[in-house]
Amino acid sequence: MRIYVHDSEGKRVVEADESATLVDVTGAEAGVKIWAEDAAEPLAADATVAAIAAIGERDVAAVHLGKGQITVTVTFGHETKSESFGPGTKIDKVLDWATGRDGFNIPAGDRDDLVLRLKGSTEPLDPDTHIGTLARKGDTLALDLVPGDKFAG
Amino acid sequence: MEPDEKALVEDLASVRFLSGADHGYWRLVAREGILVTFDLAAQAGRRVGIRLDGTGYPGVAPTGQLWSIADDAPLPEDQWPRGGRASQVFNPDWSRHFGGAFYFPYDRRALDGHDPWASAHPGHVWSIDKTVVDVLYLLREVVRTATGPTLDPVAQEMAS
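Order-wise, the sequence lines are chains Z and F.
The first sequence: position 104 = 104 (this note's numbering), numbered continuously.
The second sequence: position 158 = 158 (this note's numbering), numbered continuously.
Don't take each hint at face value.
Heads up, simulated DSSO-like pairs for lysine-lysine below, C-alpha to C-alpha not over 30 Å straight-line [stated by the list, open to error]: (1) LYS93/Z - LYS11/Z; (2) LYS130/F - LYS11/Z; (3) LYS137/Z - LYS130/F; (4) LYS150/Z - LYS130/F; (5) LYS137/Z - LYS119/Z; (6) LYS137/Z - LYS93/Z; (7) LYS11/Z - LYS67/Z; (8) LYS130/F - LYS119/Z; (9) LYS67/Z - LYS93/Z; (10) LYS119/Z - LYS81/Z; (11) LYS33/Z - LYS93/Z; (12) LYS11/Z - LYS6/F; (13) LYS81/Z - LYS137/Z; (14) LYS67/Z - LYS119/Z; (15) LYS150/Z - LYS119/Z; (16) LYS81/Z - LYS67/Z; (17) LYS93/Z - LYS130/F; (18) LYS33/Z - LYS137/Z.
The calculated label-pair distances, taken between Cβ atoms and stated as ranges, are [to be verified]: (19) PRO74/F - GLY138/Z: 44 to 50 Å; (20) SER119/F - ALA142/Z: 23 to 29 Å; (21) GLY113/F - GLY120/Z: 28 to 34 Å; (22) THR21/Z - ARG82/F: 48 to 54 Å; (23) GLY120/Z - ASP72/F: 42 to 48 Å; (24) SER119/F - ALA50/Z: 49 to 55 Å; (25) ALA120/F - ARG136/Z: 25 to 31 Å; (26) ASP93/F - ALA47/Z: 51 to 57 Å; (27) GLY138/Z - GLY113/F: 41 to 47 Å; (28) ALA47/Z - ALA13/F: 26 to 32 Å.
Since the hints were made in silico from the structure, they are not lab data.
By construction, the Cβ of each residue, glycine as well, lies at the ideal position given by its N, Cα and C atoms.
Make a model of the complete structure from these sequences and hints.
Below you can see the structure in the form of structure tokens.
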């Protein structure tokens, strides 16, 4: 199985058998927990590759090496909302939360026009980026929910 | 292999590109030299074919056009994505004069004459550090705002 290993620095790819332990595959150091992508809780310390769900029907999975949950604060206009997520949560999933009923409850037809950016930044964020990478070694992350760029003129 | 093709091939093998493909955001359909065809995931299971021309890549931005995967030909205008930001980026009135180019700052034909975009959209300024993956992510963002029509139904069936 192909496994994307994300951490506070970025991501890399490893190939591993399903019987291998994730600690061996990822090289996780003591005190670092292994989180499946988009999971709210870490995997068991002795979890094997077989324990993580594949992405769709592909023989591929992703994990994150991190310490704990990240508190994400999203600002939309003058309003701010916060929620805690596992560090392996994709920015795409945070966008779903921010635009959904538990976030700013954006009407369905308007949600796809909105994107997330690091607070005060105009740089786009890859939707498969893990929030634990964006938070670096911290446990908080501040984002803006803004309309995507419109190119006119 | 020319430098532009070599750079393109390297970026198509990058972890960032592979991750996007493995997450189902896009699929590499074919490559002939510096011409690369992809299909992108839009909303509601729709797929959008695109073709990029990486001449001079990455020193200059690619140029692109909507592409019918089934016919391996430019997508007819009546099938172009519409609605949301798609109507601006895929604008037939402008694009038909520029080989179907995308009206955004990651298309070299659109950049010509649009210097103000650099200050208006600092997050989307083409530079040597940008890659084909940045183009695909921006296109994905745009096609997800489209509300119609159902695009390239044959390709959609092939992808499902």
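Structure-inconsistent hints, enumerated in ascending order: Nothing - there is no hint that the structure violates, so all of them hold.
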